[in-house]
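Chemist: For chain A, the structure is supplied; the task is to place chain U with the ligand on it using the hints.
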Amino acid sequence: MGRTLAEKVWDQHVVRHGEGQEPDLLYIDLHLVHEVTSPQAFDGLRMAGRPVRRPDLTVATEDHNVPTIDIDKPIADETSATQVSTLRRNVEEFGVRLYPMGDLNQGIVHMIGPELGLTQPGTTVVCGDSHTSTHGAFGALAFGIGTSEVEHVLATQTLPLRPFKTMAIEIDGALRPGVTSKDVILAVIAQIGTGGGAGYVLEYRGEAVRAMSMEARMTMCNMSIEAGGRAGMIAPDETTFDYLHDRPHAPQGAEWETALDAWRQLRTDDDAEFDTVVHIDASTLTPFVTWGTNPGQGVPLGDEVPDPEQIADEDKAASARKALAYMDLTPGTKLRDIAVDTVFLGSCTNARIEDLRAAADVMRGNHVADSVRMLVVPGSMKVKAQAEQEGLDAVFTEAGAEWRSAGCSMCLGMNPDQLEPGQRCASTSNRNFEGRQGKGGRTHLVSPLVAAATAVRGTLSSPEDLTPSVLTIA
Amino acid sequence: MEKFSTHTGIGTPLRVSNVDTDQIIPAVYLKRVSRTGFEDGLFASWRADPSFILNVEPFDRGSVLVAGSDFGTGSSREHAVWALMDYGFRVVISSRFGEIFKGNSSKAGLLAATVEHSDVELLWKKIESRPGMELTVDLGAKTITAEDLVVRFEVDDYTRWRLMEGLDDIGLTLRHADDIDAYETTRPSHKPTTV
Ligand code: SF4
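Chains A and U are the protein sequences, given in the same order.
For the first sequence, this note's numbering begins at 1 and goes up steadily by one.
For the second sequence, this note's numbering begins at 1001 and goes up steadily by one.
Bound-form chain A, shown alone (with noise of 0.2 Å):
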């Protein structure tokens, strides 16, 4: 019988087979490491005496703890300064390479892996942060690991694994304009519910993925981790080579064509079976906004806050009745008449430069609703140089937005930019947990041009709903 993609790439990287009840043994391509997750896992190393294995598959960035405005100044927090200085002795230690604070090329970890061509189709990819599922867009196999872990790849440059299922995530038919990838991630994650994917690797196929952006195809698989699942990957095409040609750390010259010769083979077979198939429709879909407190609790823009009452599973019931008291939302509310005092505009699923782009045509000539303040945070250095050469920092700040420097910024509460308690944002991060973007703040994940949008009127919105509709443009 066929392979799929996933289990291809799983077969390429058996260091060795398990033994009765021990797991198999995978070699890992690349390992990113962030300044949260590796502090003990560097100590770790240092108490055992052993060296970083492959210093050379290994690649460390600042992203969770950073400011995003005033960065040439000292880190005023003293954990997250703290955090900061440790992963740089650490990396000076073990001879590992750091993209920090100020450098052209630092951002969230998701976003300076394929921007530099490290992250590659059939390559392993893990890193010390759930959402390094979004790699899988290459069709690599990447997944989120612990600090144990961490400690385990730098150490061995492998981890002992055990198997997946996998899934096929059919989206057939075209996306209409002014529907994002994230629209389709939100209601695929809204059918199967945030644990339809545990124990699966995803792989999203279908005509709609293959119209797809890299950009795109990152943010639905930056969040197969909300709906549960291992890992999300993507079969390369075209689309994926020519976004990494001549990138700085992709193969060049002859390499390259041998590359491709691989890189083309990285297909599920046709006689492939999945253990579980999901059908979505995309040509049916429209945005999609999240109102409770996990990202399965969404709807299409155009209906109603639901009805707990109306919800015929209890379990369910009860959480989107204390959801509801969190969001302090009514059932039967209009989600198009949900005012907003944030719209946040970044994070390693929606801070590309299609991203800023999409949310720029939306905003120019627009202004925030005075009621709003728009936080625009490129997800990287590289994404705000670019974003500046197109002036895109001209259309948001002209639009009264404010521009930052990259980093994780607003999509979790441990660096400066947070919400108020009670403070209500729309949001293009992936997760909307009690509290995630500060105590007491309230979130509604949205596409980038949902936040544009959102941010001109002050309700939740889409582009659609703007005067002179500025639907044709996306």
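Derived by calculation from the structure, the hints in this document are not laboratory data.
It should be emphasised that the depicted structure is a prediction, and the values quoted were computed from it without experimental measurement.
It is possible that part of the hints are untrue.
As the list claims (entries may be wrong) - Sample of chain A residues at the chain U side, in silico, Cβ under 7 Å:
{"id": "1", "residue": "Gln12"}
{"id": "2", "residue": "Val15"}
{"id": "3", "residue": "Arg16"}
{"id": "4", "residue": "Tyr27"}
{"id": "5", "residue": "Gly44"}
{"id": "6", "residue": "Asp56"}
{"id": "7", "residue": "Val59"}
{"id": "8", "residue": "Ser80"}
{"id": "9", "residue": "Thr82"}
{"id": "10", "residue": "Leu118"}
{"id": "11", "residue": "His152"}
{"id": "12", "residue": "Gly253"}
{"id": "13", "residue": "Glu255"}
Said to hold, decoys possible - To spell it out: a stretch of chain A is covered by chain U in this simulated footprint if at least three of its residues, at any positions, have a beta carbon under 8 Å from a beta carbon of chain U; those stretches are:
{"id": "14", "region": "63-74"}
{"id": "15", "region": "155-161"}
{"id": "16", "region": "321-333"}
Even for Gly, the Cβ is constructed at its ideal location relative to N, Cα and C.
Modeler: Only chain U with the ligand this time, still in chain A's reference frame:
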């Protein structure tokens, strides 16, 4: 990881059951960036009480903790094991352990020895009859000896083997270093490097 065959040290009785990892080390002590130095977080809220066992001579110098049932339940924080070891414990004895805690212990080299609850009671009485008494824990024989009292304990064979060989997960993988070396020679040259 150090090889573990036998260990002899002062027994410390902790007459409390259901000690969850939040009690072993509260969240505020997790911010540290090193893997060592967690000893001050160990049982932090209880240590404010001067009569708490770790504030009592000679139990404060113990290395074998004899605890009530369901030790180490709750959050998966690896720091709970680190805190016990940083303080100086090499063995924890209980009639039942939290699953994740037990797994984390075996990774770090702390022996979680499971004994009958009636034996925990006997050990408590014995230790308290002569504070400072040393217990000898023999991993090969799976016995705990306190003067004339000998108690059997359980530990799964895989963990026991790993502890006796001094193998952490990394140590185990490094036993297959030849396989890793061999695999590396087969990696295609177009694979990326970060340098
Ligand atoms: S942007 Fe958010 S989700 Fe992405 S790595 Fe940073 S904190 Fe994690």
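Chemist: Against this structure, judge whether each hint is valid.
Modeler: Status of the hints after comparison with the structure:
1. The criterion of a C-beta within 7 Å of any C-beta in chain U is not met by Gln12 of chain A, whose closest approach is roughly 9 Å, and the hint is violated.
2. Annotation: Val15 of chain A was flagged as interfacial toward chain U, and the flag holds, the nearest CB pair being 4 Å apart, inside 7 Å.
3. Contact between Arg16 of chain A and chain U, as hinted, is supported at the beta carbon level, the nearest pair being about 5 Å apart and thus within 7 Å.
4. Checking Tyr27 of chain A against chain U by beta carbon gives a least distance of about 5 Å; that is within 7 Å, so the hint holds.
5. Annotation: Gly44 of chain A was flagged as interfacial toward chain U, and the flag holds, the nearest CB pair being 5 Å apart, inside 7 Å.
6. At about 4 Å, the closest approach between the beta carbon of Asp56 of chain A and any beta carbon in chain U falls short of 7 Å, and the interface hint on this residue holds.
7. Residue-level restraint check for Val59 of chain A holds (minimum Cβ-Cβ distance to chain U is 4 Å; threshold 7 Å).
8. Taking 7 Å as the C-beta contact cut-off toward chain U, the hint placing Ser80 of chain A at the interface is violated, the least distance being around 10 Å.
9. Nearest Cβ of chain U to the Cβ of Thr82 of chain A: about 6 Å, under the 7 Å cut. The hint holds.
10. Interface hint at Leu118 of chain A: satisfied, since its Cβ lies 5 Å from the closest Cβ of chain U, which is below the 7 Å cut-off.
11. A hinted interface residue such as His152 of chain A counts as satisfied when its beta carbon comes closer than 7 Å to some beta carbon of chain U; here the least separation is about 5 Å, so the hint holds.
12. With 7 Å as the threshold, the beta carbon of Gly253 of chain A stays out of range of chain U, its nearest partner Cβ sitting at about 10 Å, so the hint is violated.
13. Interface hint at Glu255 of chain A: satisfied, since its Cβ lies 4 Å from the closest Cβ of chain U, which is below the 7 Å cut-off.
14. A stretch counts as covered by a chain when three or more of its residues have a beta carbon under 8 Å from one of that chain; for the region 63-74 of chain A and chain U the count is 0, and the coverage is violated.
15. Counting residues of the region 155-161 of chain A whose beta carbon lies closer than 8 Å to any beta carbon of chain U gives 5, which meets the minimum of three for the stated coverage.
16. Requiring three or more residues with a Cβ within less than 8 Å of a Cβ of chain U, the coverage given for the region 321-333 of chain A is violated, as only 0 such residues are present.
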